[in-house]
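The lines below spell out each chain.
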Amino acid sequence: MNYTPKLPEHNHNVTPVSPLRELLVLLGGLLAIIVIVYLLLGLGADLLVSHISPATEQKMAAVFSSRFSPHNKPTPREKWLQSIVNTMQEKGCVDLPYQVTVQVADSKVINAVALPGGRIMVFSGLLNIIRSENEMAFILGHELGHFENRDHLRGLGRGLVFAFISTLMGSSDGSIARLVARMAQVTESGFSRSQEEAADAFGLRMMNCVYGHVGGATDFFIHMPKDLDPGHIGHYFASHPENKKRIQALLVLQQKMAYQSGPLTPLPVWQKDSEE
Amino acid sequence: MENSGEHSSVKTVSGQNIVITNVETIPGKRIVEHFGLVSGSTIRAKHIGRDLMASLKNIVGGELKGYTQLLSESRDQATRRMVRQAVDLGANAVVNVRFSTSSVAQGAAELYAYGTAVRVE
Amino acid sequence: MNDLILILALTALGYFAGTWAEKRHYRSIREREKQLLHIPAITMKDIPYPNGEIRSSRLVEGSAVISIDYFKRLLAGLRNIFGGTIISYESLLDRARREALLRMKESAPDAAVIINVRIETSAIGKYSAKRNIGCIEALAYGTAIELNKQ
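Protein chains in written order, with my numbering: chain A, 1207 to 1482; chain B, 114 to 234; chain C, 189 to 338.
Rather than coming from a laboratory, the hints here were simulated on the basis of the structure.
Glycine included, C-beta positions come from ideal geometry on N, C-alpha and C.
Keep in mind that the hints are not guaranteed to be accurate.
No more than 20 Å apart at the CA atoms, straight line, and that leaves these computed lysine to aspartate or glutamate pairs for DMTMM-like [to be verified]: (1) K222(C) / E1228(A); (2) K211(C) / E1228(A); (3) K211(C) / E1403(A); (4) K1212(A) / D189(B); (5) K1450(A) / E1403(A).
What the simulated footprint calls covered on chain C by chain A, stretch by stretch (three residues with Cβ under 8 Å from a Cβ of chain A suffice, anywhere in the stretch; the number is not a length) [stated by the list, open to error]: (6) 219 to 233; (7) 242 to 256; (8) 274 to 282.
Work the whole structure out from these sequences, hints included.
So, in structure tokens, the structure goes:
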């Protein structure tokens, strides 16, 4: 038995495929699957939302209420915000089957959110930058728009879908899970952008209904600190459309609906004080 | 491949029969030349759905058909790769073949087959 | 946003550095395989030794631990979702085993033959069981036979 020294010409143990091509194929496939699953499940959630009665919503809201413990006594700020919302509901500008309550949360965050159970949470950071009642009314109208369109429940449904997908992917590599989370988030922001636009339009209608004009509607976007403006780079990741675009869209809508501009209602004195 | 006494054979692309055994010789034949070690390896995974099913099946126990299939597929592929290397060298048999499995990545089967490439008369 | 940039940066770094390192390693493996081609490593026990008596026989071994780069790990993770051959791990395993075999041969440069060679592979590292940390050890061992010079 002799030995014949020889080396194989080909390495059969390594598949000759460019890794970059493999990456593109895999990423493309992953993106397609995520989008499809997300769309299907998201659609399911949306369909469900139209079947959730306000009573069920209140029950669901109980879960959230425990997290945001309500104050026993509303502060003057909350009373003021509540009165704006009450006016909107009393004047019949918005037709919701329940009474919306406003709550203020101490936080530097410049935002307001619509929570299940007809609660609007306004963060004190936002109250510190507004300069007129009209400005605040637009934001509250915007949140009422979310209730009207039931976006708050939709967001919840999609959130569940999102959590499900992340859990599924969580079993594999950590960086993969992060990548998937990012992809799903981008898809999500696409949905919520159209929701924000619809809510903006609703807020404008609210203002016209309550004040008879829409002066001050775009002020909030102008007063918003520059570093919060997502700008061009963050464009796609921003769920709230770029401020300039939002202002533009509101002005176009104002012209189309022939809404008038008018004098602004100043803030209550105590609200001005708290600004300093 | 499982029975040490019998020798199985794998047909290559060119139609040549390559005998594979896990003993030192090929019973009834004489080895005239050898080419050293040849090996074939592969690492394969099942899609995430199968992984999910397997983890559910794990609760009640029993055979995980998907994984049995995965491993036998991998073993086949590893053997084929080893044989291709042997053919490249001019061998017509691979003797004393060993299989080994290792868990390199979660949910993936890593199969390695190696043996000595020989030419028999 | 930041974590996405981090993933991209690590992936790009892994791709370029990993590809470069792999090419270099393969070059070295091929070169040394040519140099050590005269020592056959075989899986058999009994072979007739050519002309001469056995001077010594001893256990020789060689091992290598090789890690995968970030890019290939990402690729493997993605492949795990779809199923199929995890191509990005193939070269890792191939390199580790060939390196281990070479080191085994290098530890017996005067051997005429290394018999009964066995190769073991195992995944090592703290996270290897839980996560897709591609860090594998290949161990090759056998009995080196040295012959008296004629």
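Outcome of the hint check:
no. : hint                : result
1   : K222(C) / E1228(A)  : violated, 32 Å
2   : K211(C) / E1228(A)  : holds, 18 Å
3   : K211(C) / E1403(A)  : violated, 53 Å
4   : K1212(A) / D189(B)  : violated, 25 Å
5   : K1450(A) / E1403(A) : holds, 13 Å
6   : 219 to 233          : holds (count 5)
7   : 242 to 256          : violated (count 0)
8   : 274 to 282          : holds (count 6)
Against the hints set out earlier in the document, violations occur for numbers 1, 3, 4, 7.
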